[in-house]
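**Q** Hey, can you work out the whole structure from these sequences and the hints?
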Amino acid sequence: MNTIQTILIAIIEGITEFLPISSTAHMKFANPFLGIADSPFVDLYEIVIQLAAILSVVVIYHKQFFNFKDYRFYLKLLLAVLPALVFGALLKKYIDAVLDNLWVIATVMVLGGIALIFIDRYFKKQVDPKDNEPIQFKQAFWVGCFQVLAIVFPGLSRSAATIIGGLSQKLSKQAAAEFSFFLAVPTMLAASAKSTLDVYQEHPEVFISDNILNLCIGGFVAFIVALVSVKFFIQFVQKRGFALFGWYRIALGLFMLIWLFLQKA
1 MNTIQTILIA
11 IIEGITEFLP
21 ISSTAHMKFA
31 NPFLGIADSP
41 FVDLYEIVIQ
51 LAAILSVVVI
61 YHKQFFNFKD
71 YRFYLKLLLA
81 VLPALVFGAL
91 LKKYIDAVLD
101 NLWVIATVMV
111 LGGIALIFID
121 RYFKKQVDPK
131 DNEPIQFKQA
141 FWVGCFQVLA
151 IVFPGLSRSA
161 ATIIGGLSQK
171 LSKQAAAEFS
181 FFLAVPTMLA
191 ASAKSTLDVY
201 QEHPEVFISD
211 NILNLCIGGF
221 VAFIVALVSV
231 KFFIQFVQKR
241 GFALFGWYRI
251 ALGLFMLIWL
261 FLQKA
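Going by this note's numbering, the residue at position 142 of the sequence shown is 142; the numbering climbs one at a time, nothing skipped.
Calculated from the structure, these hints are not laboratory results. Each hint should be verified, as a subset may be incorrect.
Here are the simulated lysine-lysine pairs, BS3-like style, with alpha carbons at most 30 Å apart [claimed, not checked]:
#  : residue 1 : residue 2
1  : Lys-239   : Lys-138
2  : Lys-92    : Lys-264
3  : Lys-93    : Lys-264
4  : Lys-93    : Lys-28
5  : Lys-28    : Lys-92
6  : Lys-231   : Lys-28
7  : Lys-231   : Lys-194
8  : Lys-170   : Lys-231
9  : Lys-194   : Lys-28
10 : Lys-194   : Lys-93
11 : Lys-93    : Lys-170
12 : Lys-194   : Lys-92
13 : Lys-138   : Lys-231
14 : Lys-239   : Lys-63
15 : Lys-63    : Lys-170
**A** If you want it as structure tokens, here you go:
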């Protein structure tokens, strides 16, 4: 990867990680368009920029994450992350097989967009709860169950699945989005740790000093872009909701399907 490719991929990750538009889908399709071939270093690079993006949430919401007196916050996150950890371990072979199927990812992008539009319109008819009402343990668990859908259906988006789960539990748009951010931290830390270990065991040569500069550049760019993306997203959904993201998903998913068809023809 050259410096331009490094920066562009980091920007894509920073923008898409917390928006309900599937960072996985964007990364899977951006790489071939940018001339980036699959390699152990690319796998490691994607892990690093994802961790950098996740760090932005910890920085923005540091009061929640470092308020050690509020043990209930940590217990709710633990309860919510358990379904993903369990099903992620049980379905590892399935996940590895389907994660590289671009047809599945593109199709799920479209279907997820339709679901997001429907959910947004449905909950517009509901009375929006107060944003300052804390999420309950039962609600946190069900949001975590929805997160499993993103594991089973790559391209759905972890963010979209958990936001839909939050809305189904009668959380406000802001509360649903913020808990989705919070839940991303333990979920993605666990997933990234496992992925890093896998890369190290199979290709330890990628952990060399020659790659450090690109990893640092990508991590910094992804972190800064994610900071802006998270703040923008919260302000946007409070005013406009999630429908626009649904339409974007449909448009991009259809473009992906057409591109795949032309590649096959």
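**Q** Looking at the structure, which of the earlier hints fail to hold?
**A** The structure conflicts with hint 11 only, although it agrees with all the remaining ones.
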